[in-house]
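Asks: Chain residues, written in single-letter form:
Protein chains: 4
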Amino acid sequence: MSPELEELYRGFEREMLVPLWTEIGGLMPSHPQSKASPHLWRWSDLLPLAQRAGELVPVGRGGERRAIALANPSLGGRPFVSPTLWAAIQYLMPGENAPEHRHTQHAFRFVVEGEGVWTVVGRDPVPMRRGDFLPQAGWNWHAHHNATDHPMAWIDGLDIPFQYVTESQFFEFGREEISDAERTTPERSRSQMLWGHPGLSPIGTRPETPGTPLLSYRWEHTDSALSDQLELERLGFDGVMEPGHAAVRFTNPINGGDVLPTIRAEFHRLRRGSESTPRREVGSSVYQVFDGSGSVSVGTETWSVSRGDMFVVPSWKDFSAKSEAGTTDSDSGGLDLFRFSDAPIFEALALHRSGT
Amino acid sequence: MSPELEELYRGFEREMLVPLWTEIGGLMPSHPQSKASPHLWRWSDLLPLAQRAGELVPVGRGGERRAIALANPSLGGRPFVSPTLWAAIQYLMPGENAPEHRHTQHAFRFVVEGEGVWTVVGRDPVPMRRGDFLPQAGWNWHAHHNATDHPMAWIDGLDIPFQYVTESQFFEFGREEISDAERTTPERSRSQMLWGHPGLSPIGTRPETPGTPLLSYRWEHTDSALSDQLELERLGFDGVMEPGHAAVRFTNPINGGDVLPTIRAEFHRLRRGSESTPRREVGSSVYQVFDGSGSVSVGTETWSVSRGDMFVVPSWKDFSAKSEAGTTDSDSGGLDLFRFSDAPIFEALALHRSGT
Amino acid sequence: MSPELEELYRGFEREMLVPLWTEIGGLMPSHPQSKASPHLWRWSDLLPLAQRAGELVPVGRGGERRAIALANPSLGGRPFVSPTLWAAIQYLMPGENAPEHRHTQHAFRFVVEGEGVWTVVGRDPVPMRRGDFLPQAGWNWHAHHNATDHPMAWIDGLDIPFQYVTESQFFEFGREEISDAERTTPERSRSQMLWGHPGLSPIGTRPETPGTPLLSYRWEHTDSALSDQLELERLGFDGVMEPGHAAVRFTNPINGGDVLPTIRAEFHRLRRGSESTPRREVGSSVYQVFDGSGSVSVGTETWSVSRGDMFVVPSWKDFSAKSEAGTTDSDSGGLDLFRFSDAPIFEALALHRSGT
Amino acid sequence: MSPELEELYRGFEREMLVPLWTEIGGLMPSHPQSKASPHLWRWSDLLPLAQRAGELVPVGRGGERRAIALANPSLGGRPFVSPTLWAAIQYLMPGENAPEHRHTQHAFRFVVEGEGVWTVVGRDPVPMRRGDFLPQAGWNWHAHHNATDHPMAWIDGLDIPFQYVTESQFFEFGREEISDAERTTPERSRSQMLWGHPGLSPIGTRPETPGTPLLSYRWEHTDSALSDQLELERLGFDGVMEPGHAAVRFTNPINGGDVLPTIRAEFHRLRRGSESTPRREVGSSVYQVFDGSGSVSVGTETWSVSRGDMFVVPSWKDFSAKSEAGTTDSDSGGLDLFRFSDAPIFEALALHRSGT
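These protein sequences, in sequence, are chains E, H, B and R. Following our numbering, the numbering of the first sequence begins with 1 at its first residue and continues without gaps. Following our numbering, the numbering of the second sequence begins with 1 at its first residue and continues without gaps. Following our numbering, the numbering of the third sequence begins with 1 at its first residue and continues without gaps. Following our numbering, the numbering of the fourth sequence begins with 1 at its first residue and continues without gaps.
Treat identical chains as interchangeable: a pair holds within one or across any two.
The calculated SDA-like cross-link candidates involving lysine to any residue, where the alpha carbons are at most 20 angstroms apart (straight line), are: (1) Lys35 with Met16; (2) Lys35 with Phe171; (3) Lys35 with Phe170; (4) Lys322 with Ser227; (5) Lys322 with Ile203; (6) Lys322 with Pro278; (7) Lys35 with Leu75; (8) Lys35 with Val165; (9) Lys322 with Ser295; (10) Lys35 with Arg280; (11) Lys322 with Thr300; (12) Lys35 with Gly77; (13) Lys322 with Arg272; (14) Lys35 with Ser297; (15) Lys322 with His268; (16) Lys35 with Pro73; (17) Lys35 with Arg78; (18) Lys322 with Thr356.
I should point out that these hints are in silico values taken from the structure, not numbers from a laboratory.
Take the sequences, apply the hints, and build the full model.
Replies: Next comes the structure, spelled out in structure tokens:
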């Protein structure tokens, strides 16, 4: 480098400037080159650590939640499963409560096993059971309480990294203790009573949340919707996403869009012996195996997976899944995958792309 | 009138002109003065005439449908229940078929009693049973067939008058006979298998209809949604429209809006002994009593009503309903009202208003 | 007809019922069959009658406006240029005022010749000059005053028939006299100062009108936009609608959509010797020749037209225009057409169609 | 820490997990705590360095652009003016060309002084002159060429950091050399001829860009719009944002929204001696002083500023500006500020907030 050029670069440094020409490749690659890696977390590793945390770490103010986040190995030790998404296992001991708070981060819970916790959103106690998906848009008050004599684990998904990097997050503490009326353990939440009927909206209430007013998507409905698609395929009709691959999106009954402004949630079912087409898209996804077993490929990685295992698909990495082959064509032997992603961000900003 | 003015008016006539100053009161009133009258049609009059038509009038090409329209007494004998809406009773004899056609008029069927007919929309046979609401957006092929050994009646609602006065209607004949595959009598339509799960959308299909892809809103869901609202009221929570008055709107799961671009459909349930607040709005509504008994007021008219009775509420006329008082507070003794209206037209064009 | 059938039809009549099978052809034709006729009104007939009305008929409360409406010859003498649209010539004598009122009917003014009247909308005096288009959404207070010593004529377009048939209209009288401050005669309206700069929106104000906040679209801009399109065509670039045919739509700067919820307005310019492709669409249009001469065809009618002539194109009738051929290719020798239509109604309700 | 807890934390590390309870304060603060600092870059420092780069660094493939980015002192030396935005000074020598490329990053140019460069977007040469704002949505081909015998500088704004952190960016090289036809130097771009007329949209073309089709917002219009607001204030009418403070937003004529999906651009004018109310909002802004002088405060920093100076307002930091006081009330002595921000991101995702 000539002395003149060196002098110029020193001038840049002094004045807090950086030339584009030394940076363009990293900043403006020909396609997304994710800083995150594909990675798998096994349920058999996650759950015992959560149980141990249940014994050793109190829940409550300060900690607020006993949540343990998946940290992508390529993101510098930060609790980010991808550059935009947070995924954690949360654990509540018998009789414990997580105190009330609210935040702008959009969140959901998904239950891979167990039951007995009620999440109390806007004073409405919502039961959590295996297969239930419980979205909760930003700035709603919420607490949890375990009403049983056994501990319970579930997963949380949030847009914490996205709001952290874009700096849009607010947080408030609520009441230390929820009221007795909120400690009840109804079979159905009030939100489900109002919004859980297909194609029917109550005329008398207008929720103000930026996300879905339906606070629980019950497993029985998700399971039926997936079975119905495979049944239609068997009868020769349209409905599945591709052969042997049923899929539903959780949607907001108020506008038919995604349940949360920044998070999309879906459920995929592969019939026994089926395989999905490799597909990539802008933005990242996290999957949890809900049932069955098979193998999944993310970029150049391939893993055998079974119930509870979680993995991340970074931006623009190919993903495909394959359910275990079997001797019968029973659906129950297939592979059930819960998925969430940051796709609504990119769709809202005209940045979404996908390819096969 | 001076000779000069007479001469001027003759000039207007000769040149196909009309002065505003002689017309303004009628054209631009201080509020809507409907050309239609409030009117009641009793089911006990409608059904026997429909039955008689079933015996005497063949269905098929030419007639296309054995539908008998409610003609508002103030609209000059035209088959318009209001200036924008069509309401008719349709009747199909055992084994009969209504041939396939399609039209831009948006339509629905509602079943106040009986079962046994399948409406075949886009080759998908959709069962019709008491309480079911079956919307069908314009330009979808559709036929009906009665698969049983008894006749069946139901009501049709369409925007025929609106499209007639605005001149936007298209119509096409389809196949004379539907295929054997379409003559099956499944318990659930394919549309219900794909779109009938609360908050869940299939990822693999994207319907192209301008209205809802869900072709039947089953009574069991409507009934539960209304009961749940009254149950929430009993428990002290929000949900009902006003005390003792539960109400749901039928919505399009794709966008959360009305089921059809020009027609809104709702179901109202008044707890026994309840009364709704008089309310008026721009545009007209038609009601059918689904169950129970009580009285309704439209403008200055008041009628006692019971199952099957239909009536029209013209634009800007006050409407209220009152269910029969009873000795118990059982819901079953209340008043169930199905309603449809032209409100989406006015909301889309920033012309909607309502008042109490 | 058999006695039984006669009895059935008598039953229908008694109970205010009409069978579909006797009516379907007229109500549900294979494509729109307009009740309106194509018709031409010559400016040389319109203007003298308006002038004579100026001499004989006072303006003011009661009459409200000295407006003379075009009455389609096939619409029964009603002042409807088409089933949905109103078009009128309005005339104001020197020093006269039209008192303030407001109504839900959406309206505009267009000036084919002259100047000197200010329309005062929401207390903002808006000048009117040849070529200016002045939209004004429903429910804005408005008055007019002629500030000069000569009379002035212009045309009004409104959705009076649409609101009349759908029964959505409200009307209120305002002040008898506007204030001195509103009698000023500024070169530019305040609305133009705020909203008349291309691609620039004021941050400090948010208008509440359902239509455009820009109350005048000045001729100089319309003229330039059309000339620019023809210039681009000459240079070999895209821009015109079809060869020799430039066209712009007047749009709402707040959302880029039509200026009024129910009315679309456009300006078309045919280069000398050009001809537009016959085209039909759902809904009706009214044209006024702004400049030049040529011939126009509507359905099976063809007329020679020149400045000020007005004509109506009913729903689904073919329309084409042809400018006079000339020896030079100067634009000034072409044909300039102002057009308004009811297209936004059909687009909002998924009923729009067009064809060539 | 107990040995058991230490063991638990080692387990977390081994399995790529991080507990929320040690991180929550930083990740979920009570309000945004920006990682970026308020910072000022003086034009008197920026321009000489850009000129020196013009002499020493070639432009062309590899470097692509001679752009020098503002690097926020608290963002680790990365070329990010804020966590989401890129701001740079770009410099082109006489006769130089920047080769054609395209990228998903949304971009604009703004000219604080000079002229002579044409940016060629989609083969349309667009002149750049003092005060012009030139937005260009992602994935449009673009090049630049300096058609004069003097160098020219301008600023670029892009969403490079946002797309870098969310991993949504694509990039493609185009032609090495643009054609002779694109090297012309028209007074107005074709985009301006089509889209630069207030409230008028061409009917014959439908652009496919996700941003505005208007590629240059000319200074003469921006200047008039701001002057008109101050003139209205003087006359006692609404229009300014607050006393002495005029402001316009650059908008997309197709939908009235922001010019780019991720970037908002505005122009603010403070009358001589005026001061704006301190205001904070979610997301970051960058300002450039276009004319006049005064002082600005960002958080706890206050700087005197004059033409060309640039500064950044991090998320949720208070900002206010004050123009120099003077003896006359001439507008020319005030303070003119160009601003861009990432607000559309937060508005699209229901995360926007602001406060005073």
